[in-house]
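Novice: Chain residues, written in single-letter form:
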Amino acid sequence: MEITARSLADLLNGEIDGNPDAIVNTIAKIEEGKQGALAFLANPQYTKFLYSTQASIVLVNKGFVPEKEVNTTLIKVENAYEAFAKILEFYQNSIPRKVGIHSQAYVDETAEIGKDVYIGPFAVVDKNAKIGEGTIIYSHVYIGENAEIGKNSTLHSGVKIYNHCIVGNYCHLHSGVVVGSDGFGFAQTTGQNRKKVPQIGNVIIENNVEIGANTTIDRATMGSTIIREGVKLDNLIQIAHNVEIGENTVIASQSGVSGSTKIGKNCMIGGQVGIIGHISIADDVKIAAQSGIGKSIAKTGEIIQGSPAFDIRDYQKSYVLYKNLPKLNERILFLENELKRLNEKNI
Amino acid sequence: MEITARSLADLLNGEIDGNPDAIVNTIAKIEEGKQGALAFLANPQYTKFLYSTQASIVLVNKGFVPEKEVNTTLIKVENAYEAFAKILEFYQNSIPRKVGIHSQAYVDETAEIGKDVYIGPFAVVDKNAKIGEGTIIYSHVYIGENAEIGKNSTLHSGVKIYNHCIVGNYCHLHSGVVVGSDGFGFAQTTGQNRKKVPQIGNVIIENNVEIGANTTIDRATMGSTIIREGVKLDNLIQIAHNVEIGENTVIASQSGVSGSTKIGKNCMIGGQVGIIGHISIADDVKIAAQSGIGKSIAKTGEIIQGSPAFDIRDYQKSYVLYKNLPKLNERILFLENELKRLNEKNI
Amino acid sequence: MEITARSLADLLNGEIDGNPDAIVNTIAKIEEGKQGALAFLANPQYTKFLYSTQASIVLVNKGFVPEKEVNTTLIKVENAYEAFAKILEFYQNSIPRKVGIHSQAYVDETAEIGKDVYIGPFAVVDKNAKIGEGTIIYSHVYIGENAEIGKNSTLHSGVKIYNHCIVGNYCHLHSGVVVGSDGFGFAQTTGQNRKKVPQIGNVIIENNVEIGANTTIDRATMGSTIIREGVKLDNLIQIAHNVEIGENTVIASQSGVSGSTKIGKNCMIGGQVGIIGHISIADDVKIAAQSGIGKSIAKTGEIIQGSPAFDIRDYQKSYVLYKNLPKLNERILFLENELKRLNEKNI
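Chains as they are written, first to last, in my numbering: chain A, -5 to 341; chain B, -5 to 341; chain C, -5 to 341.
Warning: the hint list may mix true and false statements.
The list treats identical chains as one, so a pair stands whether inside a single copy or across any two.
In silico DSSO-like pairs for lysine-lysine, Cα to Cα no more than 30 Å straight-line [unchecked claim]:
| hint | residue 1 | residue 2 |
| --- | --- | --- |
| 1 | K189 | K256 |
| 2 | K317 | K334 |
| 3 | K80 | K190 |
| 4 | K145 | K190 |
| 5 | K256 | K280 |
| 6 | K190 | K256 |
| 7 | K321 | K70 |
| 8 | K311 | K289 |
| 9 | K124 | K92 |
| 10 | K42 | K289 |
| 11 | K80 | K189 |
| 12 | K317 | K289 |
| 13 | K317 | K280 |
| 14 | K334 | K256 |
| 15 | K280 | K189 |
| 16 | K293 | K124 |
| 17 | K321 | K289 |
| 18 | K293 | K145 |
The set of hints was computed from the structure by calculation and includes no laboratory data.
In this text, all values refer to a predicted model and were calculated from it rather than measured experimentally.
With the sequences and hints as input, model every part of the structure.
Specialist: Here you go:
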């Protein structure tokens, strides 16, 4: 597939600065660009690569003005990152999609399967489960009894959906994702013995949710664990029973949310963050990586860090002094000695 | 399924305060209770919901006395949480259990399968493996050669048990659990090359153990990695080779225990805790979430926090001062200035 | 299988101290050694067990001289750990290896399968995938379209290799490993909506790499995520899109590396470490467990700790003072009072 700068500019509603006949046939990062490749520049930190890249065409933001000579053809667009993503998507969509039920899949006769669904080898769709039209189910996926998967979603190889759980439309669940495992609930009985509390709720995942590889989402004890529309979860995240995560919230890898906690909309939570159970977190909150959240956050838009976490600027001020504790200690020692000297003198 | 307050009180050996003819047909949390639902109240933090709940019947502890008017029927029982769990269990047990070997499972002819076992589609039971009576093996489970699973255990879809590993009775292993993967052992040879040390031991999981989704337990280099009776492991936990976890110890999500460490009985370990290898931890120890344990804990019942961890009260005192380090620094600055002034005055 | 001390000494080029006719038929740790067992002693911390072990033969390092009477036969070798590993390997290799394609596997007709390959039940090898000679593919493994696996590698039950990813020779991938899931990349569009950025790169895993259970490695957005020769990754690790990990680097369990970060050769990274994206880390760097790395490390061989991390000795000095913050605070209080007293006196 070859395309010229002129056609690209038309497609992206952009403006050419350079050779309109430049041709590309592949896609690359600006720092790895070779002849025939299309790249993009959005993050100013990467501007330096523009002057040395071998890429034939580079998408840049409208306002961008190069400071040195450039050997590549620029196309100026409203939003270079987004335009590039559009091209990537176009590129990816050119791959033919899979359709049909593989002869070695197991689909229970009571299951309802929509139009244009793909079900791969050794996938299981159990009793009364429903799969919406256009959804792609790869090999080794398990869809439990009465579970429902919406339209145009993709479940990669090995995803496990326990019974009665619900996944929306346009979702991506990566390999090893577990949805609906039992919440971690035990009642202490005699002595130290613990009795399992049956977990009879489910998990509801709304539309446009992406869930990374090997992330686990426990079912509710009663009611539902809920992942709202547009949420993006990275790999190896733990979401406990009865948690609710608000619309468009993004959580980075290896973070964990304990039971019954409610997280607001549009939050951004870094990697390896731990959040205690039974609290609520306001909308638009940002949490730095490796933080520990031990109590509710009521203020919209708060930015916090630490374990337990507090205001990120205060945390960072404290941390600078933490690094300098040996100096602080020496200053106190000096003061102690000075005072001793003064006292002796003053006797 | 409908049941009256009177029948419930009989069943639970409880005392009715309200309408003995109140009827319930479902189960809910007290804060989400609707007409026809049974709820419970055990945690005093939830007492406020009792006065507004729409649930028709609420189980409460014997000693509980409402402070305001209550519109629901109360049943007073010895332990409201436990009684509720009993009802939940009853509810769950009313679901018919699966039995039989699915035609698309692979069970080696040398495997021994007990009575009333269920083996789902695409499950593998390899050479000389043994499955005890009443055990449920969901789809995509792998039971390696010579592995043994006890009676009445449940292995959810996608559990992997490597060869020679042993799982006891009444265990629950959730999807994605890996038991018996190789320990992380390498011998440094010439230069930086590392040679894999064969891992010829196994894993032994005793009775009544629950293991959360995607948790991994490595086999011993030699001998056994041992998970003792009644242990509860949450999701995404790492247990390294030759670790031993004592009876009834509970570990929350995303914690990790390094090689050859021995943990005592009845310990409670929070989420995202890291424990170094080759140490031992006494019984009844409690470790706060996100702590790092760098040396043995000899004292029974110790409660610790931090990375590295120390006494939890001392940790929290230090942390309060950590938050106030900028103020501490100002106080030192003030002292330095004062001293300078005094010194100048005293010359 | 029985072997005498004399034969072992010949095999390992060692020197006997004790009974050359001592016979062993199994392998054990020195602290668990029973009659008929072969053990080894390399770590001086374990020397105490030598005087009480029931093992019949113990491998020790050449220079080792016992301080007390020993009841077992010693064989002195150049490197006791390595010699023992060699014996372990010999022991393990005596287990017959699996060969052949199981009748219940699904291998696409366009796939290329090398000589002496094993493919277990319910494994999937998709279109145009290649499996090198001698490689072992256990049950429930998924090898996506156009993926390539080298020679003599082992993929344990449930490994998932997405399309176009490449795994080298002599690699071990444990159960639940995911290679090639989508990187966590979204373009913010209108409001808080995020649009998925297609991830069209792949993952390249070079030779002699070991990857622990349930570890996830995301494919590159464009280009490749690269795991260099000899790298050892423990369980539950997250490697994000476009990361590169240098030769022979070792990473312990539950650590995570964010997008586009480059890690040098021969690094040793502890457990539960978090590394931010878009940075580079020099060769031979050592990072203490639970550290957070927020910026590039340019200095070869640096040893760091903390979150954010800095020089390990400085960190530990600060941490000692952190533990003593209440005392530091008291010292400041004392100084404040003293100064007040002095000031009053001096008025």
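Novice: All the hints need checking, so say for each whether the structure fits it.
Specialist: Results of checking the hints against the structure:
In this homomeric assembly, K189 and K256 come within 30 Å of each other (Cα to Cα) both inside a single copy, at 26 Å, and across copies, at 24 Å. For the homomeric pair K317 and K334, the shortest alpha-carbon distances inside one copy (28 Å) and between copies (26 Å) are both at most 30 Å. Taking identical chains as interchangeable, the C-alpha atoms of K80 and K190 lie at most 30 Å apart only when they sit on different chains, with a minimum of 10 Å there against 49 Å within one chain. Taking the shortest alpha-carbon separations for K145 and K190, only the inter-copy value of 17 Å comes in at or below 30 Å, while the best intra-copy value is 35 Å.
For the homomeric pair K256 and K280, the shortest alpha-carbon distances inside one copy (15 Å) and between copies (26 Å) are both at most 30 Å. In this homomeric assembly, K190 and K256 come within 30 Å of each other (Cα to Cα) both inside a single copy, at 24 Å, and across copies, at 25 Å. For the identical chains of this complex, K321 and K70 are neighbours neither inside a copy (52 Å) nor across copies (51 Å), given an alpha-carbon limit of 30 Å. Proximity of K311 and K289 under a CA criterion of 30 Å is satisfied in both settings, with 22 Å inside one chain copy and 18 Å between copies.
In this assembly of identical chains, K124 and K92 lie within 30 Å of each other by CA distance both inside one copy and across copies; the values are 19 Å within and 20 Å between. For the identical chains of this complex, K42 and K289 are inter-copy neighbours only, at 19 Å across copies versus 44 Å inside a copy, given an alpha-carbon limit of 30 Å. For a Cα distance limit of 30 Å, the shortest separation of K80 from K189 across copies, 9 Å, qualifies, whereas the shortest one inside one copy, 52 Å, does not. For the homomeric pair K317 and K289, the shortest alpha-carbon distances inside one copy (26 Å) and between copies (16 Å) are both at most 30 Å.
In this homomeric assembly, K317 and K280 come within 30 Å of each other (Cα to Cα) both inside a single copy, at 24 Å, and across copies, at 19 Å. For the identical chains of this complex, K334 and K256 are neighbours neither inside a copy (56 Å) nor across copies (50 Å), given an alpha-carbon limit of 30 Å. In this assembly of identical chains, the alpha carbons of K280 and K189 lie at most 30 Å apart only when taken from different copies (20 Å versus 37 Å within one copy). For the identical chains of this complex, K293 and K124 are neighbours neither inside a copy (40 Å) nor across copies (54 Å), given an alpha-carbon limit of 30 Å.
In the homo-oligomer, the alpha carbons of K321 and K289 lie at most 30 Å apart only across protomers (24 Å), although the nearest pairing inside one protomer, at 33 Å, exceeds that limit. Neither within a single protomer nor between protomers do K293 and K145 lie at most 30 Å apart by alpha-carbon distance, with minima of 36 Å and 51 Å respectively.
Of the hints listed earlier, those the structure fails to meet are numbers 7, 14, 16 and 18, in rising order.
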